[in-house]
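As they're listed, the protein sequences go chains A and B.
Letter 297 of the first sequence, counting from 1, is numbered 297 in the working numbering, and no numbers are missing.
Letter 53 of the second sequence, counting from 1, is numbered 53 in the working numbering, and no numbers are missing.
Derived from the structure by calculation, the hints contain no laboratory data.
Mixed in with the good hints there might be a few duds.
Here are the simulated SDA-like pairs of lysine to any residue, each with C-alpha atoms no more than 25 Å apart in a straight line [as the list claims (entries may be wrong)]:
1. Lys68/B with Asp127/A
2. Lys72/B with Thr62/B
3. Lys308/A with Leu48/B
4. Lys16/B with Leu48/B
5. Lys349/A with Gly47/B
6. Lys68/B with Val248/A
7. Lys194/A with Tyr120/A
8. Lys54/B with Glu181/A
9. Lys126/A with Lys72/B
10. Lys107/A with Lys16/B
11. Lys68/B with Leu155/A
Away from chain B, derived, C-beta distances all over 10 Å, residues of chain A [to be verified]:
12. Met52
13. Thr132
14. Tyr148
15. Asp167
16. Arg303
17. Ala305
18. Glu323
19. Asn342
20. Leu345
Keep in mind the model is a prediction, meaning the values are calculated, not measured.
Backbone N, C-alpha and C define an ideal beta-carbon position, used for all residues, glycine too.
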Amino acid sequence: MEAKYDFARKYRDQILQCSRCGFCQAVCPVFGSTLRPSYNARGKMLLLREVMDGTIELNDELIETLFQCTTCASCFENCPSGVNVPEIIKQVKKDMVHIGSCHPAFKGMNEVLQTHTNIYAENEPKDFGRETNKKAEYVYFVGCVGCYREDESTLATLDLLDRFKVDYTLFDEVCCSGVLEDVGYQINEDLAHKNIDRILATEAKTVITGCPYCFRTFNNKPQYAELREKGVKVIHMSQLVKDFELDVKTDKRVTYHDPCDLGRHCGIYEEPRDTIRKIASDFVEMSHHHVDSLCCGAGGGVRGAFAKNSIAMARRRLREAEEVGAEVVLTECNSCVHNFSNAKLRRHKLRIYNTTEFINELMKEAE
Amino acid sequence: MEIEGFNMPDDLYYEKNHFWARVDGDLVVMGMNDYAQNLAGEIVYIGLPPEGEKLTQGKNFTKIESGKWLGKVFAVVSGELVEVNEELEENAALINEDPYGKGWMFKIRPDNMEELKNLMKDPDEITGWLKAEIAEHGTPS
């Protein structure tokens, strides 16, 4: 019998491979903060079996369960059966959108990106007081969160680039739209073309991204293949900063949060740590680090659609920072910074920064 | 009073960025009005600055967020921030549930109570203003 949904056509065997061992439950951030079994990978696979068997239908009742996934990939990383849950869930969401069952926040996000340059529907482009669209060796891509939610972090990053006399330009960037792939839609081709054309116009050979998700999008998505074909390299800021000569130090206890999009998804773990070890003599790891890093809860559109749960996940991660006595939590993702900042309680004595912002602050103090 | 379905208590002052003010002894309490909390959606975060911070009437001093929306919080009077509603730290949705009661946000010791005259108190003025806001920004669907 022909499978009714694309997820079943593509992934039936994998879904049936799930042995219901529950290893994924131990590492799922959504389950960890909600304790709802249906929200984690095992629960989702059980539901999808029922859908494939025709016992239940994909419909609005399953929106909360199936759309609530930060795409952190901890489940896949820990699955002894090799079930690629993130890819399966991505397809399930597309199937649900196809039948008209979508979380309104994600439907709204897709609609916003038809008419705006960013996911927040902000009309005014952010002015960081720098020249834009000039010819330069590097072009810096800020990303939506860096523009409209963590602009201070972005300003600090640009200050740092200026201090090190990096020849860069900003440009009239638009949302990379990569997040749409994770919430049931597709990358917005019009936005992708705008970014590509405007990057190429700067004649820059390297794009530096402040956002790991944009980094993944530019490097992996076929809509951005033209950049790669034209020899434009895309790097994350952490890969540039690791080569900076830093002569500032902190004696604060510092820990590092591996963003899922930089760590588990891209394998970039050591560059950020190399930088931190140059400036912090008291660097400690949280109990979950590197490939086992605990997700901050912001990814996969969860921060927009399930904000309370998202912040609960971030608070859970901050408890790990408290447990190691960290005074400073550094990370390399503005989405993580934003969610941690929202989750931080007054009693938390720690401060949260993007690494470049922290370095810039140390340099300002040293002046 | 009720204006197009939104509760706007008569005994409060209202500020054009959608915050209310109430005199409580020698302090001024502030919060967000019913229309604004409706439009914002479920509030998930409000920044709680440290007590002692100096505020200026009409200037934003912290931020407030729902899922995707980011807003600014504007001081209703100039003065010293003396108390924050710590309940909002883990339950910012109180602002939605009870915007004039449990969802109060900040208490300010004003430099000059006369500044309250810069806020709206007259029911006709408040009604006209809010109706214009609703016409411009709509209501949640």
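Worksheet item: Which earlier hints turn out false for this structure, listed by number in ascending order?
Response: 6, 8, 10, 14, 16, 17, 19, 20
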